[in-house]
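**Student:** Please work from the sequences and hints to get the whole structure.
For what it's worth, this note's numbering labels the leading residue of the sequence shown as 31, then goes sequentially.
No lab work stands behind these hints, which were simulated from the structure alone. Fair warning: this is a prediction, and the values are worked out from it, not measured in the lab. Just to be clear, a hint being listed does not mean it is correct.
[Unchecked claim] Label-pair distances were calculated between CB atoms; the ranges are:
no. : residue 1 : residue 2 : range
1   : 127       : 50        : 25 to 33 Å
2   : 50        : 89        : 40 to 48 Å
3   : 101       : 60        : 21 to 29 Å
Beta carbons are placed, not taken as given, at the ideal position from N, Cα and C, and that holds for glycine.
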Amino acid sequence: FQIAFDSTRSTSFGWVAIDDTKISRCHLPPIVNASQCPVATRFQCARGSCIPKAHICDMTDDCGDHSDESSRLCASYQTCTFDISFCDWIHDNSTQFKWELHRGPSPSDETGVCRFLFDYKFH
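**Tutor:** Set out below in structure tokens:
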């Protein structure tokens, strides 16, 4: 499923309030016969549903039973939590934006303890 938040930005600093949330496409794919799931382009979930192969090993449980994210199926896919490094990701130096990974205090006095933060800064 997807949760979407719409907002309006003003020119001054302030708080963000979330209101009128909308939840859409939060159902599981229907269960189908194996003959209705073409092996070349689709993946048959353990529960019997069928999803596009592009949706396997994407760190999202598209099947509803995690069969599209199993360690056996996804062993060859490299993932990155970005907790301590950027892994194999490389910054595009041709842009004016720069990703920085740092450990520091929370964004404000009212938000939790020290944790890893990502900053997307315009330089």
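**Student:** Now look at each hint and say whether the structure bears it out.
**Tutor:** Now the hints, each set against the structure:
1. In this structure the supplied range 25 to 33 Å holds for residue 127 paired with residue 50, their Cβ-Cβ distance being about 31 Å.
2. Between residue 50 and residue 89 the C-beta distance comes to about 28 Å, which lies outside the given range of 40 to 48 Å.
3. Between residue 101 and residue 60 the beta carbon distance is about 26 Å. The supplied range of 21 to 29 Å therefore holds.
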